[in-house]
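Asker: Here's the letter readout for the chains.
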Amino acid sequence: MSLYLARRLLQAALVMLAMSLIVFVGVYAICDPVEILISPDADQMERERAIKALGLDLPLWMQYLSFLGNALRGDLGRSFVFNEPALQLILQRMPATLELALGATIMALVIGIPLGLYAGLKPKSFLSKTIMTGSILGFSLPTFWVGLMMIMVFAVQLGWLPSTGRGQTVEVLGLRWSFLTRDGLAHLAMPALNLALFKISLVIRLTRAGVRETMLMDFVKFARAKGLTNQRVIFVHVFKNIMIPVVTVVGLELGSTIAFSVVTESVFAWPGMGKLIIDSINVLDRPVIVAYLMIIVMMFITINLLVDLSYSALDPRVRLENK
Amino acid sequence: MKICNRAALLAAVSALAVGLPAAGQAQNITIAVGAQVTSLDPQYHALSPNYAVAEMLFGALASYDADGRIEPGLAESWKPVAPDTWEFKLRPGVKFHNGNAFTAEDVAFSIARPPTVPNSPSSYAIYTRAVKGVEIVDPLTIRLKTDGPYPLLPTDLAQVAMLDKETHEGAATEDFNSGKVAIGAGPFRYVSFRSGDRLELERNEDYWGPKPAWKHVSYRIITNNGARMAAILAGDVDMIDQVPTNDIARLRRESRVKLSEKDGLRIIFLGTDQSRDGESPYLSDNDGKPLPRNPLRDLRVRQALNIAIDRDAIVQRVMEGSALPSAQFLPPGTFGYVPDLKPAKPDVNVAKKLLADAGYPNGFRITLAGPNDRYLNDARIIQAVGQMWSRIGVTTNVEAAPWTNFVTRRTKQEFGAFLSGWGTSSAEASSPLRSLTATPSREKGWGGSNGGRYSNPEADAKLEAALTELDDAKREVLLQEATRITMEDVGIMPIHIQKNVWAMKPNLVHDARADELTRAQDVRPAAK
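Residue numbers (the working numbering), protein chains in the order written: chain A, 1 to 323; chain B, 1 to 528.
Hints are supplied without guarantee of correctness; some may be wrong.
[As the list claims (entries may be wrong)] Result set (BS3-like, lysine-lysine): computed pairs, CA atoms no more than 27 angstroms apart in a straight line:
{"#": "1", "chain 1": "A", "residue 1": "Lys52", "chain 2": "B", "residue 2": "Lys132"}
{"#": "2", "chain 1": "B", "residue 1": "Lys444", "chain 2": "A", "residue 2": "Lys52"}
{"#": "3", "chain 1": "B", "residue 1": "Lys165", "chain 2": "B", "residue 2": "Lys89"}
[Claimed, not checked] Computed Cβ-Cβ distance ranges for the label pairs, DEER-style:
{"#": "4", "chain 1": "B", "residue 1": "Glu205", "chain 2": "A", "residue 2": "Ala18", "range": "54 to 64 angstroms"}
{"#": "5", "chain 1": "B", "residue 1": "Thr468", "chain 2": "A", "residue 2": "Asp183", "range": "52 to 62 angstroms"}
{"#": "6", "chain 1": "B", "residue 1": "Gly321", "chain 2": "A", "residue 2": "Leu17", "range": "28 to 38 angstroms"}
{"#": "7", "chain 1": "B", "residue 1": "Asn225", "chain 2": "A", "residue 2": "Lys122", "range": "42 to 52 angstroms"}
{"#": "8", "chain 1": "A", "residue 1": "Leu175", "chain 2": "B", "residue 2": "Arg256", "range": "54 to 64 angstroms"}
{"#": "9", "chain 1": "B", "residue 1": "Gly321", "chain 2": "A", "residue 2": "Leu180", "range": "21 to 31 angstroms"}
If you are wondering where the hints come from, they were derived from the structure by calculation, not from laboratory data.
This one's a predicted model, so the numbers in the text were calculated from it and none came from an experiment.
Cβ coordinates follow ideal geometry from the N, Cα and C atoms, glycine included.
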C-alpha cells in the first residue's frame, strides 16, 4: 500500500514538472506580457524597465530554472498583474469555486440518483421516458446559453434570484464562505444548477443503466427468492452495485468541475478560480497560469487516488496491489 | 368601521415599512464596471480602472473635469515661476482619512515613490520623470524643477495619486490591497476589497470638496458583458459602464434603465506599414507576387485608402451610432483640436484615380490586421474596411486575432495595415502626437506606440516646439499644426471616436465623462 502511494506521488511530480514546462514555453510563444500590461503612454525606456522588473529580460531557460528553484521552496512566483503571490491569489478564490462545484455535485447526486433509479425500475412508464428525454437536453445544451437563459428568466423577468455575483460571506477557518448565509445561497442557486445540469443527466443515465443491468443478475433473483423485501433488494443490494460507476464518474467530474467551471463563472460573474484563470490568460499573467495549472494537476491526481481507494472500499474484489 | 380602520393602519404601517428601507437605500449605490481593478496601490499599475479607484480614494494635485479639461485638485493653483520651475499652491485644510494633514512633504514623497514601487508592470514613473528637483517653500507651497521648460507637468501630475508620507513610507502594494494603508484624501474611504469581485467604500465625511451623495458604495467588477447587462436589467446593480453597442438600441426602449452618453477620448484608427521600403510579405500584386516597392510609402496610395473608407457607414451600421466619425486624434472642444479638419467624403472614383496616378491602376493585395477582443466591434470594423478597400481594387486580406496575439504581430511588423485604438486621458493632442505618430526615438521617448513606424520630420519639429512652449495659446497652435501636417500626410487614418455609454436606474443622474472613468462621485439621485 505505501509503495503504491509512493509510486503515485512520483508520477504526480513528473506530470507537474512536464506541465510547468509546457505552460512556460507556451506563454513565451504567445506574446510578451509587458506588451499587454504596460500603459500605452509608456515609452521605450519604461518598457525596458518593466521587462527587467518582471524578470522577462533573462533567457527562457534561466527564467524556468529560477522558477523551479523557487517552486521547490513552495514559492510559485508573484502575479505580474496583482504583485501578490500567485498561490495566495488562487487560494483566496478557491472557496468560491469549491462551494460552486460541491453545490453542483450534491445537486447532481440528490436529483440524479432518484430519477435514474425510477427510470431504471420502471423503464416503460411515461415519466421515465420524460426523464430520459430531459437528460438528453441536459447533455446537449451549451452551458453558457442555459446560464444566460436562466438569468433572463429567473433574475430579469421574474426577479426571484439575484442575477450575478457571490452573496454575503462569513469567515470560517480563515476562509470566506457564502453558503452559510441566506443571501449567499440565493446567489449560489443558479450557477450551481447551471453547472449541475450536465452532471444530473450523467448521473441519471449511469444510475438507470446500472439498475437495469443489475436487476437481471442472479444475486438479485436469489435475494428475492430468499424473501427479502423489495426495498432491501433495491436499496442495499442493487444500490451498492450501481454505485461504483457513479462514484468513479462523479469523482472525476468533480475534478473537471473545479478546473473548468470557467464558463459558468464568467456568465454569472462568480469570483472563483475559473474567472481568475481566464482573466490571467487574457493578460498573460504567467505565474498565475502556471500555479493554477499545477494546483489543478495536483487535484486531479488526488481525486483519482481517492476514487481508487474508495473502489476498494465499495467493492471487495478490487485490491490495490503492487504488481 | 373597525375593519376599515385596521386596514388603514395596516396600509400606513406597510407604507412606513416600505418607505424606511427605500430612504436607507437612497444612501447606497452599487455600480458594476467592466474592467478589472488590479490594485488599490495607486502608484503600482497605470491602468484606467485603477486610476478611477485612485480618484475615489486618493486624489491628485490636478484632475480632469467631465470634458477632459484640467482643473485644480489637491493643489489650488499652479504656475511657472521660471522657465524650468513650476510652483504648486496646495489646498489648505485637506486631511487624509486618518486625520493627517496634507502638506508639501506628502507631495514630495508621492512624486518620489513611483519609480521605487517594485515589480510594477506599468509604472507611474513616466508621469513623474520630468521632475528633476523638489523645493518645499512652505507647508502649502512646493516648487518642482524640470529639465528646461515642460508645459505638461500639471497634466502629468494629474495621474499621480497623493499619498501620506507618514503612512505610506515603506508601504508595499499588498498593504494597500489588504486595506491596511488604503488611506488617501479622496471623497471615499476604504471598507473592503476582494480582488476580481468588489470594492466597498464609504463616504469621507471630512472631504474637502463637494460631499458625494452616497454613504456606501459597492463597486463591483463584472467583466462579462452579458452578466453586466443582466445585473442592471434585474435591478441587482444601480449602474453599469461599458454598455455593449448592440444592446444600446434595446436599452433606449427599456423603461427600467436610462443611459448617459459622452463623446470619448478614444480614437480608433488604421496605421500602415512605413518601416519597409522594398518588398513586404504582407503586400503583393494581384497575382500574389511581392511588390518591389512598398506602395504605402506613396502618399497618393495612403490618400486613396483613406478616402475609400466610408466612416458614416461604419459608425451607423457597425457601431450602431455610438461613435463619431473623425479625421483627427481628438473630439471637438479638446486642446489641440483642429476645427476645419473634417473626415473626407468617401469617393471610390477619386480613390481609384489616386491609385492609378501612383502606378497601381489595378490595385494590389494587402493584409489588414487587428484585434478581435480589445475595442468595441474591432473585428467587424476591419471587415467593413476590407470591403471598402476591395471596392477600389485593393484586395484586402482581413486577419483579426486576440489582442495578446495581435500585439506581438504588430511589434514584429506583420501587417500591411492594422487597426488600433488610442485613449488620450489628458485630452491633449501632445499625447497621441508623441506616442502614435512621432518618429520612434528611445532618447526622446517618442513613438512608443507607433506601430507603423511612421515618420514626418516636419510634424516632429512642431511637436518638439510645442513640448517646450509654456504659453498655452501658442502651444495649442503648434499642436494643431502638427496634427494637420500628420493628417494631411495620412500618417494614420482615424476612423471614429468612441462614445462612452453608461446605463443606470431612472432615478439617478450621472455626469458622463469623456475619459471613460466610472466614479461614484459623478452619480447622484435625481431631484424629486
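Asker: Compare the structure with each hint and give your call.
Answerer: Taking the hints in turn, this is what the structure says about them:
1. With a CA separation close to 23 angstroms, the supplied pair A/Lys52 and B/Lys132 stays within the 27 angstroms bound.
2. At most 27 angstroms may separate the alpha-carbon atoms for a hinted pair to count; B/Lys444 and A/Lys52 meet this at roughly 20 angstroms.
3. Note on B/Lys165 and B/Lys89: the hinted pairing holds, with a Cα-Cα distance of about 18 angstroms set against a maximum of 27 angstroms.
4. The hinted window of 54 to 64 angstroms between B/Glu205 and A/Ala18 holds, with their beta carbons roughly 57 angstroms apart.
5. Taken as a hint, the range 52 to 62 angstroms holds for the pair B/Thr468 and A/Asp183, whose Cβ atoms sit roughly 58 angstroms apart.
6. Restraint check, B/Gly321 to A/Leu17: a C-beta distance of roughly 54 angstroms breaks the suggested window 28 to 38 angstroms.
7. At roughly 46 angstroms, the beta-carbon separation of B/Asn225 and A/Lys122 lies within the given 42 to 52 angstroms, and the hint holds.
8. Distance hint check: the CB atoms of A/Leu175 and B/Arg256 are about 37 angstroms apart, inconsistent with the given range 54 to 64 angstroms.
9. B/Gly321 and A/Leu180 have their C-beta atoms about 48 angstroms apart, which leaves the hinted 21 to 31 angstroms range violated.
Hints 6, 8 and 9 from the list above are not met by this structure, while the remaining hints are.
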